[in-house]
Amino acid sequence: DAGITQSPRHKVTETGTPVTLRCHQTENHRYMYWYRQDPGHGLRLIHYSYGVKDTDKGEVSDGYSVSRSKTEDFLLTLESATSSQTSVYFCAISERGPGNEQFFGPGTRLTVL
Amino acid sequence: DAKTTQPNSMESNEEEPVHLPCNHSTISGTDYIHWYRQLPSQGPEYVIHGLTSNVNNRMASLAIAEDRKSSTLILHRATLRDAAVYYCILSRYNQGGKLIFGQGTELSVKP
Numbered sequence: 189d190a191g192i193t194q195s196p197r198h199k200v201t202e203t204g205t206p207v208t209l210r211c212h213q214t215e216n217h218r219y220m221y222w223y224r225q226d227p228g229h230g231l232r233l234i235h236y237s238y239g240v241k242d243t244d245k246g247e248v249s250d251g252y253s254v255s256r257s258k259t260e261d262f263l264l265t266l267e268s269a270t271s272s273q274t275s276v277y278f279c280a281i282s283e284r285g286p287g288n289e290q291f292f293g294p295g296t297r298l299t300v301l
Numbered sequence: 003d004a005k006t007t008q009p010n011s012m013e014s015n016e017e018e019p020v021h022l023p024c025n026h027s028t029i030s031g032t033d034y035i036h037w038y039r040q041l042p043s044q045g046p047e048y049v050i051h052g053l054t055s056n057v058n059n060r061m062a063s064l065a066i067a068e069d070r071k072s073s074t075l076i077l078h079r080a081t082l083r084d085a086a087v088y089y090c091i092l093s094r095y096n097q098g099g100k101l102i103f104g105q106g107t108e109l110s111v112k113p
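Chains as they are written, first to last, in the numbering used here: chain X, 189 to 301; chain S, 3 to 113.
Simulated from the structure, these hints should not be mistaken for laboratory data. Among the hints, a few may not be true.
[Claimed, not checked] Which residues of chain X face chain S? A few of them, derived with a C-beta cut under 7 Å, are:
(1) 230
(2) 236
(3) 295
We put the CB at the ideal spot given by N, CA and C, even for glycine.
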């Protein structure tokens, strides 16, 4: 299995509080992605990174920011969490990016009350 | 972004082949066809991908139509562990390889 960990694995927080989710990889892959999964929506891309300090928006980026200061870590931040951001968040990595396979982490279940 | 269309659900019997169809009529020349599957409470798992030619790996085969407007994932002998949601996805080379997931096909396997 690809070395991808996500922390925390579960989090309950209140509306309006900031939340940071961490994705850590030991594979030295260049590309990293954040998705969210909600019932009836499959997975939707939030943000992705194609290198240290290089990031771009996905299809549902509003309310989220990301940072990648080193190859192994990709952080997803909810500046002010809302109930609509209750979801399961998955991180993925890819060695060669476009057209190539992505390996997914175990997910983080976030509940915003 | 190009879209894919898959049946919502399919059933199969154990040890029989399974053909999972996918339509992608708006596919462009730089789109790769990917298949992932997701077991309950787990992250998606890569199955196979291709561009123009049919592809085989230890998990499955991918048959791509000549006009690339459709493809079929083939599981040669379904097992109970193959029960999952299967996603057919197009990944555009010039968009960072991001995957746009659809609803997928929920495959159930009967013993």
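Hint check:
{"no.": "1", "hint": "230", "in the structure": "4 Å, holds"}
{"no.": "2", "hint": "236", "in the structure": "5 Å, holds"}
{"no.": "3", "hint": "295", "in the structure": "5 Å, holds"}
Checked against the numbered hints given earlier, the structure satisfies every one of them.
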